[in-house]
Amino acid sequence: MTEPILRIRNLTKKYADKVIFQHIDLEVKSGDTIVIIGPSGTGKSTLLRCINLLTRPNEGQIFLNGEEITAKGINEDHVRQRIGMVFQNFLLFNHLTALENVKLGLTKVRHMKAEEAEVKAISHLKRVGLSEHMDKYPGQLSGGQQQRVGIARALAMDPEIMLFDEPTSALDPELIGEVLEVMRDLSKSGMTMVVVTHEMGFAREVADSIIFMERGSIVEEGSPEELFEHAHFPRTREFLGKISELYGKKEKKGE
Amino acid sequence: MDLGNFLSYIASGTLYTLGASLIALPAGLILGLLFALLYLYGGKVLSNLMAVYSTVMRGIPPIVLLFVLYFVVSGSVNLSPFLAGSISLGIISSAYQMEIIRGAIQCVSGGQLMAARAIGLSQTQAVREILLPQALRIALPSWSNEAAIVIKDSSLIYALGVPEILRRAQLISASTQQPFLAYSAAAIIYFALVFITTRLLGRLEQKLAIPANP
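Those protein sequences? They're chains A and B, same order as listed.
Residue numbers for the first sequence follow the working numbering, so the first one is 1 and each next one is one higher.
Residue numbers for the second sequence follow the working numbering, so the first one is 1 and each next one is one higher.
Since the hints were made in silico from the structure, they are not lab data.
Some hints could be false.
[Unchecked claim] Stretches of chain B that chain A covers, calculated by requiring three or more beta carbons in the stretch to come under 8 Å of a beta carbon on chain A: (1) 121 to 127; (2) 131 to 137; (3) 164 to 173; (4) 191 to 200.
[What the hints assert, rightly or not] One side of the interface only, derived from the structure: several residues of chain A facing chain B at Cβ under 10 Å: (5) Met85; (6) Val119; (7) Ile122; (8) His133; (9) Lys136; (10) Tyr137; (11) Gly150.
Treat the numbers as computed from the prediction; the structure is a model and nothing was measured.
For glycine and all other residues, C-beta sits at the position ideal for the given N, C-alpha and C.
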């Protein structure tokens with residue numbers, strides 16, 4: 001069996017006495033899209049932040065392509081260059097245009113020449129359908145456009161894996177569709193993705209595997225069909241029922 | 001003698017006033033920026049030290065500090081009263097500029113730094129490329145206010161015998177026995193300097209504003 005691109009072993013994160021999540025084990029195969037669902041305050045976002053070392057876990061190990069990134073003495077900046085992250089509230093650099101947002105990492109981190117970086121940044125902005133808005137500042141873009149720039153910014157770094165932290169939950173319903181479409185294409189193109197979301201339609205259609213997390217633990221993991229049709233645990237069924245009812249309408253409207 | 005004569009006599013002190021401001025403001029900016037960064041990112045010891053520095057410096061009248069610093073500065077290196085006074089004004093201003101920049105940095109959301117780190121920028125790069133360009137824009141209106149204060153406070157170096165605007169006003173007031181005209185002329189020149197400076201900085205602020213939809 002080939003080594004999974006991401007392997008998490010017995011990961012625990014706590015702040016003081018408060019356990020955010022504990023004993024998480026997770027494997028993500030190359031090219032797969034994993035969707036993590038669960039009630040808020042369950043540690044999903046913190047788990048993503050641990051994966052790209054924005055937060056340090058207290059216990060456990062994370063392996064990226066076989067290399068332990070939680071090892072002592074590892075260069076965190078180098079690890080983060082290999083992992084793309086998309087945030088709930090976009091977090092574009094406010095003082096830079098869309099194009100400059102995407103270019104910055106290429107020139108400062110990858111040390112590409114300005115012209116070369118520009119060509120690459122433009123191609124990524126085209127990929128997310130923003131070739132007409134490249135010179136606009138974040139404050140001049142809609143939420144959906146901002147989030148697509150956020151995706152282009154992460155993709156331009158050629159990450160080995162992409163993490164999405166509730167990428168559509170700060171968006172107006174009518175803007176969700178355009179972001180999900182980009183993510184769907186990305187998943188089809190073979191990018192490895194870990195997505196925290198409440199968009200059940202997306203999960204059902206795109207995910208290779210869905211993970212249901214609650215109170216800091218993984219309750220259940222399986223294919224969309226397994227979870228949606230034959231969930232083992234009543235808690236999973238209950239959550240999926242509620243969330244599908246709540247978000248299903250919004251999502252249809254958005255597409 | 002009319003106001004015009006007073007103005008032209010006193011105006012020759014403007015070079016000292018401008019010179020002192022042009023030394024004190026950048027010196028205060030460089031120190032203030034450094035101190036703000038040390039306060040926020042320098043670890044516990046340096047952070048506490050900077051907090052004490054700011055509290056003490058801002059708790060003493062500038063003229064008192066000027067005398068104290070003047071004797072410290074001119075006691076350790078041999079400088080003219082003008083240079084020693086200007087540097088002292090810069091040190092005094094650094095405490096206020098530190099607070100302006102610290103506040104502005106804290107206005108930039110922590111998410112901006114996190115996003116910068118997430119694409120692999122180092123802490124230093126993230127501060128330089130993302131945090132400071134935004135923070136300095138936010139700081140500009142308050143900094144413009146501080147620039148006005150420093151220009152006006154530069155009048156304090158008259159007490160060190162530097163022949164700047166106030167000093168020359170004092171001299172001509174004594175020789176002509178016309179204090180009202182003398183000090184009015186000084187007031188007009190100070191006002192003009194401050195007015196022009198804040199206007200220019202206001203324009204800079206507009207030029208640097210980040211475009212956004214209303």
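Per-stretch coverage check for the stretch 191 to 200 of chain B, three Cβ contacts closer than 8 Å to chain A: violated (count 0)
Is the shortest C-beta separation between Met85 of chain A and chain B less than 10 Å? holds (4 Å)
Cut-off 10 Å, beta-carbon criterion: hint that Tyr137 of chain A touches chain B: holds (5 Å)
Verdict on chain A covering the stretch 121 to 127 of chain B, where coverage means 3 or more residues with a C-beta closer than 8 Å: holds (count 3)
Hinted contact Ile122 of chain A with chain B - closest CB pair below 10 Å: violated (17 Å)
Can you confirm whether chain A covers the stretch 131 to 137 of chain B, using C-beta to C-beta distances below 8 Å and requiring at least three such residues? Coverage by chain A holds here, the residue count being 3 at a Cβ distance below 8 Å.
Using the nearest Cβ pair, does Val119 of chain A come within less than 10 Å of chain B? violated (18 Å)
Under 10 Å is the threshold here; is the Cβ of Gly150 of chain A close enough to any Cβ of chain B for the hint to stand? OK, holds: Gly150 of chain A within 10 Å of chain B, min 8 Å.
Closer than 10 Å between Cβ atoms is the bar; does His133 of chain A clear it against chain B? Give me holds or violated. Violated. Min distance 12 Å.
With chain B as the partner, please determine if Lys136 of chain A meets the hint condition of a C-beta pair closer than 10 Å. holds (8 Å)
Count the residues of the stretch 164 to 173 of chain B whose CB lies closer than 8 Å to any CB of chain A, then report whether that count reaches three. violated (count 0)
In summary, the structure is inconsistent with hints 3, 4, 6, 7, 8 from the numbered list given earlier, while agreeing with the others.
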